[in-house]
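Based on the hints, put chains R, W and L in the right spot on chain U.
There are 4 protein chains.
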Amino acid sequence: MARESVNKVVLAYSGGLDTSVILTWLQEEYDCEVVTFTADIGQGEEVEPARAKAEAAGIKEIYIEDLREEFVRDFVYPMFRANAIYEGEYLLGTSIARPLIAKRLVEIASETGADTISHGATGKGNDQVRFEINALALRPDIKIIAPWREWVLLSREKLMAYAAEHGVPVEQKRDGTKSPYSMDANLLHISYEGYDLEDPWVEPGSGMWRWTRDPVDAPNTPQEIELTYRAGDITAIDGKPMSPAEVLAELNRIGGEHGIGRADIVENRYVGMKSRGCYETPGGTIMLKAHRAMESLTLDREAAHLKDELMPRYATLIYNGYWFSPERMMLQAAIDESQRVVNGQVRLKLYKGNVLVVGRQSDSDSLFDESIATFEDDAGAYDQSDATGFIKLNALRLRVAGRRRGR
Amino acid sequence: MARESVNKVVLAYSGGLDTSVILTWLQEEYDCEVVTFTADIGQGEEVEPARAKAEAAGIKEIYIEDLREEFVRDFVYPMFRANAIYEGEYLLGTSIARPLIAKRLVEIASETGADTISHGATGKGNDQVRFEINALALRPDIKIIAPWREWVLLSREKLMAYAAEHGVPVEQKRDGTKSPYSMDANLLHISYEGYDLEDPWVEPGSGMWRWTRDPVDAPNTPQEIELTYRAGDITAIDGKPMSPAEVLAELNRIGGEHGIGRADIVENRYVGMKSRGCYETPGGTIMLKAHRAMESLTLDREAAHLKDELMPRYATLIYNGYWFSPERMMLQAAIDESQRVVNGQVRLKLYKGNVLVVGRQSDSDSLFDESIATFEDDAGAYDQSDATGFIKLNALRLRVAGRRRGR
Amino acid sequence: MARESVNKVVLAYSGGLDTSVILTWLQEEYDCEVVTFTADIGQGEEVEPARAKAEAAGIKEIYIEDLREEFVRDFVYPMFRANAIYEGEYLLGTSIARPLIAKRLVEIASETGADTISHGATGKGNDQVRFEINALALRPDIKIIAPWREWVLLSREKLMAYAAEHGVPVEQKRDGTKSPYSMDANLLHISYEGYDLEDPWVEPGSGMWRWTRDPVDAPNTPQEIELTYRAGDITAIDGKPMSPAEVLAELNRIGGEHGIGRADIVENRYVGMKSRGCYETPGGTIMLKAHRAMESLTLDREAAHLKDELMPRYATLIYNGYWFSPERMMLQAAIDESQRVVNGQVRLKLYKGNVLVVGRQSDSDSLFDESIATFEDDAGAYDQSDATGFIKLNALRLRVAGRRRGR
Amino acid sequence: MARESVNKVVLAYSGGLDTSVILTWLQEEYDCEVVTFTADIGQGEEVEPARAKAEAAGIKEIYIEDLREEFVRDFVYPMFRANAIYEGEYLLGTSIARPLIAKRLVEIASETGADTISHGATGKGNDQVRFEINALALRPDIKIIAPWREWVLLSREKLMAYAAEHGVPVEQKRDGTKSPYSMDANLLHISYEGYDLEDPWVEPGSGMWRWTRDPVDAPNTPQEIELTYRAGDITAIDGKPMSPAEVLAELNRIGGEHGIGRADIVENRYVGMKSRGCYETPGGTIMLKAHRAMESLTLDREAAHLKDELMPRYATLIYNGYWFSPERMMLQAAIDESQRVVNGQVRLKLYKGNVLVVGRQSDSDSLFDESIATFEDDAGAYDQSDATGFIKLNALRLRVAGRRRGR
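Residue numbers (full-length UniProt numbering), protein chains in the order written: chain U, 1 to 407; chain R, 1 to 407; chain W, 1 to 407; chain L, 1 to 407.
Each hint should be verified, as a subset may be incorrect.
Unchecked claim - 25 Å max Cα-Cα, derived DSS-like pairs, lysine-lysine:
#, chain 1, residue 1, chain 2, residue 2
1, R, Lys143, R, Lys60
2, L, Lys8, L, Lys60
3, W, Lys349, W, Lys240
4, L, Lys289, W, Lys289
5, L, Lys349, W, Lys349
6, L, Lys289, W, Lys349
7, W, Lys289, L, Lys349
8, U, Lys143, U, Lys60
9, L, Lys178, L, Lys158
10, R, Lys349, U, Lys289
11, R, Lys349, U, Lys349
12, U, Lys349, R, Lys289
13, R, Lys289, U, Lys289
Worth flagging that the hints you see were computed from the coordinates, not collected in a lab.
Isolated chain U (complex conformation):
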């Protein structure tokens, strides 16, 4: 099939085997210049080695960027204000990183005069959708090459053969082993798919998990931490001010130590299939629990309930790749409007996989009024007889119905 003509391609380039093959393949098949873009979003691997590889492949425009602060500040933090969780279990670790990559790809395309972007996501997954819809929302005329949907190298074997034939370097992991899982990582999480996870009745081998200790091996003594919130975002841990990326890195460290944030789930992909995934999200798991606790003290009841009802849709939008859509922005406006009062501290106890809330306070914004809630005499702060009218009028519609229908 004749290839569409492209002038220059910006490739989301990790430096690993897959995107190295794609790099060569793009050069050969499309006979065009390639710009590589490699971002540090906290995946825990060096990004600088990608430079030498790109240079070796003859690339002239090489972008290597540390996006960790932008990632947490502009993507992870807004999402956690919503208490977003997909299908009751998944903290959207992969989903939330894609719009940032898509944004930088099209920005770099504009900077370098490229008309095309490319990525290494497969044709079965959600990531292709997230990359492409977000990119098209930001720059509607961008062309996209998704090699996995075009080529014939649909097995690892064929990919290795192509690499050998075209001189693409294939490295061994330093320890000589290679994980059998398909993995993705960023500052929010690491994910595992494929291999023995393809049977949802089978528990994955304990060697799979990389970021968290097995709860059985975690410390036998609980650890307490205190988080400080300002407008719904964490600004300090144990009283020490930190930037967003510092907060998340530190919570990952502590949470991982205590075996927090493992999830083993079957999820529904946007492209229509169910898939099994395992995730480690230590910091995010702590953040979700703590944010809810901070809100429980400071947020109005109906504001909180409205957030709870909007959340599943908000989470699905992010999962499906609609970060840069008007409907996500509408929901974000509603959520952010609610967060001005979410200020204070939360104390947590971390222990062998558990995140336990043991205290929450807010000098400026607590709506907990002991004088009203007390079981002791409240000196008139609340008039119990008000409840009679409250109940009678709330029941009125049901009483009328009962009378009419002969109950």
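Same frame as chain U, now just chains R, W and L:
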């Protein structure tokens, strides 16, 4: 103030101090016959002692009933089909028991020719609302006496004085101590309010918890269990068929042993205030996690997402006391419609407060299709090029907007 | 491109030019047997002429069916129980007919041993999606041929040329003219697209409309009608019992006479573009207004509000082609649960495009209680002082917030 | 019953009989100073006469204010951005005026050192709730006197007797008649309740309606108007720039002439009963139809659908009295976020009760793309084959389910 005239009152009677004082107070203030109703809904205390006390107070019509199976089968199970959770944390243990009590109160009123019911819930809480709205929905002409909203005995001291003055027996607990907390229990949970919980920054004393071990003291070895689902309900544990109440009792036992199901939360009451509550829901916590896992394999994506969006409202309806309302029945109809396919087994690992899903299967209804989801060559089960059209049309509206608005 | 091999195709065949060309094209391109299926769903054109045309084309298995009762009873009526309206304006006239056609196509495929179905919907519209998703939901292995997406005859000129070349008969309309609009009709509505409608600032020519009088030319005297409802469905007009299809035909007749049910809208297609459409839905417009009036008297407030909140999603599901989906069935279960009490009569005044409700009553199920609602003395049916407690507790959360935040 | 002690009361004072009696009654019963507040919100009656009456009653602090612009700009316009409509029929004319009155009452209380406000709404209606919840949200310590819930003058007869006894002047209408209906009016609408409306089967007498012509008597020739929108608000009529209140007044005038905006409905009050009300909302009816048309051209599909799903809740919040609540502000933030692009013109035809959209355009923000939507050859703007992948992946979940479940 002159009392309204009543002919006979059915009292929700626990046999404890509060309802014993109410019993005497009703006889004195209203000069009417009282029928006592004491139910075993799994609160873990003997109900038969209530008979002797009622007889001693001169009661002629005494109802003592074991409602455990009806409670779990007709209230707890339907609620768990919805994955109901209030404000992200509360499993509605108290809320779900009230409609059953309200139902029996008005049924007994009809059987005994009583025109009035009475209960011992305070004027600040949710339970008065739940008792009364549910009762009025079922029998719109029923009169209700809520002594806590009427009388002047609004402190423990005054209550004790009244008891002493009117010869109401005040027992000591067998161990000579009395919990300083206000508690409620049934087969689904036990709750704690008041005392040191009135400061939300303070962690409750470790002696408060009664049903679960402290995770620190729980077994050092994980335990695996397998639950069997049929139409969304658990019908067997480790292959052994059990009735609904047996299932819940057994899961409480196992979960409690492993320190599962403690929650310490600030919640928003229907009457408008925030309150702090601690809950132990060992079996329910296992059930929620397992049910979600069973659904993840068998439920259609959009059915699951619709359930997630409806859930917060469904939970709020139960929390607020609207079990016997048309809107709850509408939501239940939608939820139950989805559950016919929720059949199969879930394997769980229980360990020191953690409920970990390690496997799920469904011979009849699994929608997990390995041939499609696989990372290996799928032999044509899924055509990756379909994703191109899928993405392009899903992005079309955003591309048009981008073009028009000069992005 | 080589065609996929098919053994036999069931074609949704109107007998018009487009599907006649498709019929020939299928025979030629796929070299397979074709079964024709022509349904009377109230489009107002004879279906029998399709038989002769199909026979002339050499078709051996010809299905011609009157589906009007099934269409209204099983599709239109359930939809109107929901008060479904898409984007505030569109009564889903085309959308609701597609699942029935899809259902019969796959049923006929099973009866005749065909492995494929085909239809004449274009690649830009919603109808292709509705046909195909509903068909695939009912028979997942069915093959589908959508000629408009495959062939090169993408203009009217080319189509005519193909017809001429292959001897497909091209009839003139009896009056020698042909509408310049793309139209679709069934018992619920007739629609117009294309031609001068492609500029949304331009009003269509008055000659476009076919089913309704121009309100300016409608009778100068209002007409009253009375509709009888049973469980949410109309069972009689002016006291005369009628079948569902009879009801809709009669309301179309009366409504059309009074210029009722024209709509001129810009709508959002599922495939991502905006399009302009004009619709005449005389009977449906009356039904929507009347059903809401019947519900206003008989439906509980919260049930009605829940329906209103679920409606947009329900309407979108039908618009997008998900009638036979589990999520539509869940919503239908909730809606139908609410309709048992929707019984009674509604009186309407029809006048020059207006549908005015002038009365509603329900002997069995009215929840309107004059003794409570009256502005006169109600003899104690309602205690106004109850409102004080009702307001105070509903405002409590806002008062606490105001105090804390120094308002 | 002993009255609560108050120092000074701000009374919402119309100058009519009811609030004049209340004025005297407050002076007598509470023995306190009264401040009167009379606002012109477009009810169509002179407000200055209230000054002389208040002076005659000995009032020293008299507030008479023209709030028409604030009313439309800050309350009506934001509400119409949401396309708010309660229970499918009611345009919230009364509901939206109450928060403004409540706001001014508490502001005047602060200015004059008053600790109390008072109003003339009855104990059965929604208005008491709207006044009081909004006032308490703004000033949580304000005391409220609602005479209709306190006194014994619960019939018109007793009220007249009180007036006569205390020298409260009772005027006749200029034409010597008095409407038998309970009415309320402001720039958005006029409402009617009571009298023959108390039987929902009875059509009100034609003499009831005051603002609109009977459609039968409206002009025989349609009138066209063009509305200009900027960020979702109307800024000009027929090209002539106008202020918000001018726009609404002019649309009322034109709409009333053409018999537009009558509604006769049974609605569900927040206090639990159903009531019958008739409304004339000529300008608002035009605004709702036109705003939807403007959005249909300029708003993204998913933004529009999200608005449709949020709308019923938003409308209910306003109906129930929660304008100054955090949840209304959250929804408003989401709605307003969507409106920046709602710019352009809408052309309407008004005729005997009908509001017909005949054109819409937007130079800056139209998302209608003729090159894509055309039925003619689109020169490649849209690739029809994309639809194949779109449909196949959207149907994938249903196909998998169908295969597994043996359909």
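Here's how the hints hold up against the structure:
1. Lys143/R x Lys60/R: Holds, at about 21 Å.
2. Lys8/L x Lys60/L: With Cα atoms ~12 Å apart, Lys8/L and Lys60/L stay inside 25 Å; holds.
3. Lys349/W x Lys240/W: It holds: about 18 Å lies between the C-alpha atoms, which stays within 25 Å.
4. Lys289/L x Lys289/W: With a Cα-Cα distance of about 16 Å, the restraint between Lys289/L and Lys289/W holds, given a limit of 25 Å.
5. Lys349/L x Lys349/W: holds (22 Å)
6. Lys289/L x Lys349/W: holds (22 Å)
7. Lys289/W x Lys349/L: holds (22 Å)
8. Lys143/U x Lys60/U: holds (21 Å)
9. Lys178/L x Lys158/L: With a Cα-Cα distance of about 18 Å, the restraint between Lys178/L and Lys158/L holds, given a limit of 25 Å.
10. Lys349/R x Lys289/U: holds (22 Å)
11. Lys349/R x Lys349/U: Distance of about 22 Å is within 25 Å: holds.
12. Lys349/U x Lys289/R: holds (22 Å)
13. Lys289/R x Lys289/U: The given pair, whose Cα atoms are some 16 Å apart, holds under the 25 Å limit.
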